[in-house]
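So the protein lines, in turn, are chains A and B. Using our numbering, the first residue of the first sequence is number 179, and each one after it goes up by one. Using our numbering, the first residue of the second sequence is number 6, and each one after it goes up by one.
Among the hints, erroneous ones may be present.
[Said to hold, decoys possible] Here are some chain A residues the structure puts well away from chain B; computed CB gaps all over 10 Å:
hint, residue
1, Thr183
2, Gln189
3, Thr193
4, Gln200
5, Gly231
6, Tyr242
7, Ser245
8, Arg246
9, Pro261
10, Thr264
11, Leu287
12, Thr288
[As the list claims (entries may be wrong)] Output of the computed footprint for chain B on chain A, the stretches with three or more beta carbons under 8 Å from beta carbons of chain B:
hint, stretch
13, 220-226
14, 279-285
[What the hints assert, rightly or not] Cut-off 20 Å, straight-line C-alpha distance, at most; resulting in silico cross-link-like pairs (PhoX-like, lysine-lysine):
hint, chain 1, residue 1, chain 2, residue 2
15, B, Lys78, B, Lys107
16, A, Lys235, B, Lys107
17, B, Lys83, B, Lys112
18, A, Lys249, B, Lys107
19, B, Lys78, B, Lys112
Everything labelled a hint here was simulated from the structure, so no lab data went into it. Note that the Cβ used here is the ideal one computed from N, Cα and C, for glycine as well.
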Amino acid sequence: NAGVTQTPKFQVLKTGQSMTLQCAQDMNHNSMYWYRQDPGMGLRLIYYSASEGTTDKGEVPNGYNVSRLNKREFSLRLESAAPSQTSVYFCASSVAMNTEAFFGQGTRLTVV
Amino acid sequence: AQTVTQSQPEMSVQEAETVTLSCTYDTSENNYYLFWYKQPPSRQMILVIRQEAYKQQNATENRFSVNFQKAAKSFSLKISDSQLGDTAMYFCALNSGGSNYKLTFGKGTLLTVNP
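Given the sequences, and given the hints that come with them, work out the whole structure.
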């Protein structure tokens, strides 16, 4: 049972570089989310997709873009990485917006 | 906007004892769901327990139970017979419907179980 799979698990970027974090779920969930986790801040929602074909901004969307490629996949793109984007990123999915979310194992991103 | 507040950044408990983690929340919705997640050092987010707001009965999962006070907007987690493996960061989370569909987390409580 793969659940929610994120790649990569670790990444180091230089300021200004771009990259895409990949996320896929095999649970046939409708809703998917991207969070960032910083010390003392808990998890903050970056973007979410309530269903295939829709995306919406969360609490901290600046500097990020997302694509809901199909029902399974929801990617997060950093166009021009900044040191403030150093964080642990989590992808999650849920059957619907009002049910529990299942999380991937996270991506530790460092921007130098 | 919905908010979730965890006022205890850190707590500790002796093995086999009971500990309660606090959580308060705010939402304008009537139908919503509350969750407690556990994040051990492995970083994995693990669902501990869930509570539907329309249910008056408090949810229970083995050694974990909640005290859900809807009028007070309070949702505390009680861990009985604490074990070393319970050492983790615990997050309270709220998911409400309406036009504000999203899962909002508190800042977490770091629980340490001491032998």
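Practice task
Determine which of the earlier numbered hints do not hold for this structure and return their numbers in increasing order.
Solution key: The structure breaks none of the hints.
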